[in-house]
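Got two chains here, separate frames each, mind docking them using the hints?
One letter stands for each residue in the lines below.
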Amino acid sequence: MTEIPEHLRKRAEAARQKAAAESEEAAVPAPAAAAPTDSRIPAALLERSRAAKARQEGGEEAASSGGGGVAVAERPTTSIIAAPTGTGGIPVGAGPGGHTQRLLTVVKSGSIQEVKASPIDKVHTWPHLIAAEFVSALALTAFITIFSIFVNAPLQQLANINKTPNPSKAPWYFLGLQELLTMFHPMVAGVTIPGMGLFGLMLAPYVDKNPSNKPEDRKFAISIFTVFLMFWAVLVMIGTFFRGEGFNFTFPWRDGLFFDL
Amino acid sequence: MAKTIDEKPRLTAKDRANRLTGNMKGSQAWNSIFRPGSIFRKGYTDSPRNRSYVIMNSVLYHLHPVKVKRHAVKVSYTLCLGGLSFFLFILLTVTGIFLMFFYRPTVANAWQDISNLQTSVTFGLLVRNMHRWGAHLMVLSVFLHMARVFYHGAYKPPREFNWVIGVVLLMLTLLLSFTGYLLPWDQLALWAVTVGTNMMGYTPVLGTQVRFVLLGGVEIGGDTLLRWYVLHVLMLPFVIVIFMAIHFWRVRKDGGISGPL
Numbered sequence: 001m002t003e004i005p006e007h008l009r010k011r012a013e014a015a016r017q018k019a020a021a022e023s024e025e026a027a028v029p030a031p032a033a034a035a036p037t038d039s040r041i042p043a044a045l046l047e048r049s050r051a052a053k054a055r056q057e058g059g060e061e062a063a064s065s066g067g068g069g070v071a072v073a074e075r076p077t078t079s080i081i082a083a084p085t086g087t088g089g090i091p092v093g094a095g096p097g098g099h100t101q102r103l104l105t106v107v108k109s110g111s112i113q114e115v116k117a118s119p120i121d122k123v124h125t126w127p128h129l130i131a132a133e134f135v136s137a138l139a140l141t142a143f144i145t146i147f148s149i150f151v152n153a154p155l156q157q158l159a160n161i162n163k164t165p166n167p168s169k170a171p172w173y174f175l176g177l178q179e180l181l182t183m184f185h186p187m188v189a190g191v192t193i194p195g196m197g198l199f200g201l202m203l204a205p206y207v208d209k210n211p212s213n214k215p216e217d218r219k220f221a222i223s224i225f226t227v228f229l230m231f232w233a234v235l236v237m238i239g240t241f242f243r244g245e246g247f248n249f250t251f252p253w254r255d256g257l258f259f260d261l
Numbered sequence: 001m002a003k004t005i006d007e008k009p010r011l012t013a014k015d016r017a018n019r020l021t022g023n024m025k026g027s028q029a030w031n032s033i034f035r036p037g038s039i040f041r042k043g044y045t046d047s048p049r050n051r052s053y054v055i056m057n058s059v060l061y062h063l064h065p066v067k068v069k070r071h072a073v074k075v076s077y078t079l080c081l082g083g084l085s086f087f088l089f090i091l092l093t094v095t096g097i098f099l100m101f102f103y104r105p106t107v108a109n110a111w112q113d114i115s116n117l118q119t120s121v122t123f124g125l126l127v128r129n130m131h132r133w134g135a136h137l138m139v140l141s142v143f144l145h146m147a148r149v150f151y152h153g154a155y156k157p158p159r160e161f162n163w164v165i166g167v168v169l170l171m172l173t174l175l176l177s178f179t180g181y182l183l184p185w186d187q188l189a190l191w192a193v194t195v196g197t198n199m200m201g202y203t204p205v206l207g208t209q210v211r212f213v214l215l216g217g218v219e220i221g222g223d224t225l226l227r228w229y230v231l232h233v234l235m236l237p238f239v240i241v242i243f244m245a246i247h248f249w250r251v252r253k254d255g256g257i258s259g260p261l
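Sequence order for the protein chains is Y and C. Residues in the first sequence are numbered consecutively from 1, following our numbering. Residues in the second sequence are numbered consecutively from 1, following our numbering.
Mixed in with the good hints there might be a few duds.
Under 7 Å between C-beta atoms, here's a sample of chain Y residues computed to sit facing chain C [what the hints assert, rightly or not]:
hint: 1; residue: Phe134
hint: 2; residue: Ala137
hint: 3; residue: Ala139
Straight-line alpha carbon distances no greater than 30 Å define the calculated BS3-like cross-link-like pairs of lysine-lysine that follow [claimed, not checked]:
hint: 4; chain 1: Y; residue 1: Lys219; chain 2: C; residue 2: Lys74
hint: 5; chain 1: C; residue 1: Lys253; chain 2: Y; residue 2: Lys108
hint: 6; chain 1: Y; residue 1: Lys108; chain 2: Y; residue 2: Lys10
hint: 7; chain 1: C; residue 1: Lys8; chain 2: Y; residue 2: Lys214
hint: 8; chain 1: Y; residue 1: Lys209; chain 2: C; residue 2: Lys8
hint: 9; chain 1: Y; residue 1: Lys214; chain 2: C; residue 2: Lys253
hint: 10; chain 1: C; residue 1: Lys14; chain 2: Y; residue 2: Lys214
hint: 11; chain 1: C; residue 1: Lys8; chain 2: Y; residue 2: Lys122
hint: 12; chain 1: C; residue 1: Lys253; chain 2: C; residue 2: Lys74
hint: 13; chain 1: Y; residue 1: Lys122; chain 2: Y; residue 2: Lys209
hint: 14; chain 1: C; residue 1: Lys25; chain 2: C; residue 2: Lys14
hint: 15; chain 1: Y; residue 1: Lys209; chain 2: Y; residue 2: Lys219
hint: 16; chain 1: Y; residue 1: Lys108; chain 2: Y; residue 2: Lys122
hint: 17; chain 1: C; residue 1: Lys156; chain 2: C; residue 2: Lys74
hint: 18; chain 1: Y; residue 1: Lys219; chain 2: C; residue 2: Lys25
hint: 19; chain 1: C; residue 1: Lys156; chain 2: Y; residue 2: Lys122
hint: 20; chain 1: Y; residue 1: Lys18; chain 2: Y; residue 2: Lys108
hint: 21; chain 1: C; residue 1: Lys156; chain 2: C; residue 2: Lys253
hint: 22; chain 1: C; residue 1: Lys156; chain 2: Y; residue 2: Lys219
hint: 23; chain 1: C; residue 1: Lys42; chain 2: C; residue 2: Lys25
hint: 24; chain 1: C; residue 1: Lys69; chain 2: C; residue 2: Lys156
hint: 25; chain 1: C; residue 1: Lys69; chain 2: C; residue 2: Lys14
hint: 26; chain 1: C; residue 1: Lys8; chain 2: Y; residue 2: Lys219
hint: 27; chain 1: Y; residue 1: Lys108; chain 2: C; residue 2: Lys69
hint: 28; chain 1: Y; residue 1: Lys122; chain 2: C; residue 2: Lys74
hint: 29; chain 1: C; residue 1: Lys253; chain 2: C; residue 2: Lys69
hint: 30; chain 1: C; residue 1: Lys14; chain 2: Y; residue 2: Lys122
hint: 31; chain 1: Y; residue 1: Lys122; chain 2: Y; residue 2: Lys214
hint: 32; chain 1: C; residue 1: Lys156; chain 2: Y; residue 2: Lys209
hint: 33; chain 1: Y; residue 1: Lys209; chain 2: C; residue 2: Lys74
hint: 34; chain 1: Y; residue 1: Lys209; chain 2: Y; residue 2: Lys163
hint: 35; chain 1: C; residue 1: Lys8; chain 2: C; residue 2: Lys25
hint: 36; chain 1: Y; residue 1: Lys209; chain 2: C; residue 2: Lys253
hint: 37; chain 1: Y; residue 1: Lys122; chain 2: C; residue 2: Lys42
hint: 38; chain 1: C; residue 1: Lys14; chain 2: C; residue 2: Lys42
hint: 39; chain 1: Y; residue 1: Lys214; chain 2: C; residue 2: Lys42
hint: 40; chain 1: Y; residue 1: Lys219; chain 2: Y; residue 2: Lys10
Derived by calculation from the structure, the hints in this document are not laboratory data. C-beta: ideal position from N, C-alpha, C; glycine also.
So here's chain C without its partners, still in its complex pose (with noise of 0.2 Å):
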C-alpha cells in the first residue's frame, strides 16, 4: 500500500488549480460566455488570425474595425479625448446611478439626503466627489476634443456631418452638467442656475415660455427640482447615447480616424 503511494506523486497546488482552470476552460457554461476568438478561451495564442477574432467575435466590433491606421494609434495624435469623454460619461453613469439610491428630488429632502450621503454612507462621499468631478472633467475633455478635432481639420469632407452632431453632443454635455447642477439644492446650486436660466428668459419671442416650462413655474422651486433630476437622470442620458451612437458609427462610416497630417 505504502509503495502505491510512492510511486504516485502527490499533486501540487499549483497542479491542482492548473487542472481546476483547464477543466473549467473547457467546460460547456465558459465557452458559451465566451466566443471564439476570446483571450479568456482555452489555447488562446497571439496570432494574426486571433488578433482578429478578439474585436470580430466580441461586442467591441460595434465600436473598433479589427484593423486601424497605424497613425491613429498614436496617443499624440488623438490624445484619447474622445474616447476618454465617452469613458467619463460611463464613469458618470455608474457613479450617477449610485448616488440615485440615496437621492430624492424633493425641496425637503434633496439637501439633507446629499448631506445624509456623504457622513452616513459608505463611500458616499468618494462617489459624489468622484460625480462632481467627473462632471466637470467631461465638459472640458468634450471642450478640448474639438479643439484637437478642429486643428486637425477632421471636420473635413467626408466628416463634416460627424462635427456637427459634435457640436450638439457639446450641448448635451453642458445641459446634462448644468441640470445636475441644481440637484444637490444647496445656496451654490440654486443660484447658479437663477443665473443661468434668467438668461435663457432673454430668448426673443419664445423665451419667457421655454423658460417658464423648464422651471414649471416663474421661478425655481420644487417643481424645477423634479423636472431638472428628471432631465438629468433619465432624458438627456437617452437623448446623448443616441447621439452618441451615431457620432461614433459615422467614425467609422467616413474612413476612421482622419490624419495623419
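For reference, chain Y alone in the conformation it holds in the complex (with noise of 0.2 Å):
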C-alpha cells in the first residue's frame, strides 16, 4: 500500500499525544469517569452523554408509567410535544442547551489530499499547440518538395560485387565509427565504442542524479554530453569531407568530395 505522508503522520502523533494529556488531566478529578480502556474521547462527553442517557432512561419510565401498554407508540409523541415546550425534558439524543446538532470536527482537506498550492498556466491545445504542429509540417512538407524538385536522389551504376569503388563509403551516420576503424581494432570501434556509447546514452537518467534542469546547476552533465556530441559530429565530418582514395586524409577544397548521400 502507499505510504502515509510525512505531515499526515506527525499530525496523527501530535493529536494522539494531545488526547493522552486530556485524560491523564481528566482523570485526576473523575476517577470514574476515565475508563480504563485507552478511550480518545473526553471526560467530559463521556459524562455528559451518560447523563443524557440516564435522562432518557427516566423519561421513558415516566411515559410507560402513564400511557401503560401503549408505550412504544407514545415514546416519539412524548419527544415531541417535550421538545418545544422545554418543560418535558430534552428530546432524545439532543445535546447540551437541547442542541440536536453536533460539529465533530473540521477536516481541512489538505489534511486528507495534498492539493497543489499554485495552479498551473495551461492553454487550450486547439488551436495554440495544433496550429504550430499543422503549421510547422506544412513547412517541412513545402521544404522537403522543394529541396526534392531541384536536388535529386544518387543512383550509382547497378551493385557490381567485383567492382570496388575507391573510397568505400558507409551511410554518413556510421562515418563517425568508419573513422574510428582507421584507429582501433574492428572489434573495438565497431562494437565496443558504439556498443557503450549507447548503454550510457541509456543509463544517463539513472547516473545523472541531479534533480535541477536549469542549465547553471548542470555544467558537468552539459559538458560531458557535449563532448560526446561534439566528439561524434567532428568523426562524421572528418568521414565524410576529408578522407578520399584509400580512405587517406584529404582535404574537400584540394581533391573534391568523394562523399554521396
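Here it is as C-alpha cells:
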C-alpha cells in the first residue's frame, strides 16, 4: 500500500499525545469517569452522554408508567411534545442546551489530500498547439518538396560485387564508426565503442542524480554531453569530407568530395 | 405572372452555395462523420467549451490532452523536433507506399525498377527524392530531438524510462535508414552496406552468425535484398510504431512535456 505522507503521520502523532494528556488531566477530578480503556473520547463528553442516557431512561419510565400498554407508540409523541415546551425534558439524543446537532470536527482538505498550491498556467491545445504543429508540418513538407524538385537522390551504376569503389563509405551516420576503424581494432571501433555509447546514453537518467533542470546547475552533465556530441560530429565530418581514395586524409577544397548521400 | 417573379428575387449563386453547404452540414451523413465539437460541424463557434470538445471528441485525444502548459506551446522550447520526427515518419510511410508499387526486391529488377521509376513514372523522381531526403532529415531530427531533450534535462524523473525508449527509437531509426540504403541496388548501396555489415561481423561470440542471418549468406546478394526489403517496409516500421505509441503515451503519463527551465 501507499506510504502515509510525512505531515499526516506527524499530525496524527501530535493528536494522540494531546488526547493522552487530556485524559490524564480528566482522570484526576473524575477517576470514575475516565475509563480504564484508553478511549480517546474526553471525559467531559463521556460524562455528558451518561447523563443524557440517564435522563432519557427516566423520561421513558415516566412515559411508560402513564401510557401503560401503548408505551412504544407513545414514546415519540412524548419527545415531540416535550421538545418545544422545554418543560418535559430534552429530546432524545440532544446535546447540552437542547441542540440536536453537534459539530464533531472540521477536516481541512489539505490534511486528507495534498492540494497543489499553485495552479499550472495552461492553454487550450486547440487552437494553440495544433496550429503550431500544423504550420511546422506544412513548412517541412514545403521544404522537402522544393528541395526534392531541385536536388535529385543519387542513383549510381548497377551494383557490382567485383568492382569495389574507391573509397567505399558507409552511410553518413555511420562514418564516425568507419573513422574509428582507422584507429582501432574493428571489434573496438565497430562494437565496443558504439555499444558503450548507446549503453551510456540509456543509463544517463539513472546516473545523473541531480534533480535540477536549470543549465547553471548542470554544468558537468552539459559539458560531458557536449563533448560526446562533438566527438561524433567531428568524426562524422572527417569521415564525410576529409577522407578520399583509400580512405586517406584529404582536403575537400583540394581533391573534391568523395561522398554521396 | 411577371409580377410574381418580380416579388420573389432570384437567388444569387452565393445564396445557393450557402444553402447547399447548410443542407450538407445539416445532413445525417455529415453529422455522423464529424462528432460534436468538430470545427466542421454546423454552427461551430469559438468558445472555451468548444475548444475542449475539438480535442476531446476527436482522434487527437489519443495524442494530446485538452489543455497543455503554456510554455509547452512555445516553439523556441521544443523546436518541434519530436513532432517533426513523427511527421517525417508519416511522410516517409506515404512516399514509401508509393515507391512500393514500382519496386521489386530482386537482383534482376531492383536497380532497373528505380531507374524506370525516375524516368517513366509520373512524379516518380520527385517522390523518390522526397523519400530519400526525408529519411536523412529524420535521422537528423531524431538526433537533434535527443540533444534538445538532454540540454533541457527532460530525461530526469519521472521521465527516465521514456528517455530509454527514445534511445531505442533512435536505434530503430538508424536501422530503418540503413536497411533502406541497400534497396536501390546501385554501387553506393552495395558498398555502403558492405562496410556497415563488415563491422557487425566483429561482434564477439555472435557476430558471424548475426551477420549471416541478416545477409542471408556470407556476402550480400539477392537474399540480402529480400530480407532487408521486408525489414525496411514491414518489420522495422511495425516495431517502431509500437515504441512510438509507448513513447507518446509516456509523454502524457509523465505529466506532459518537461520544463519550464
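Query raised in the report: Honestly, which of those hints from before does the structure not fit?
Result: When the structure is compared with the hints, numbers 1, 3, 7, 8, 10, 11, 18, 25, 26, 30, 34, 39 and 40 turn out to be violated.
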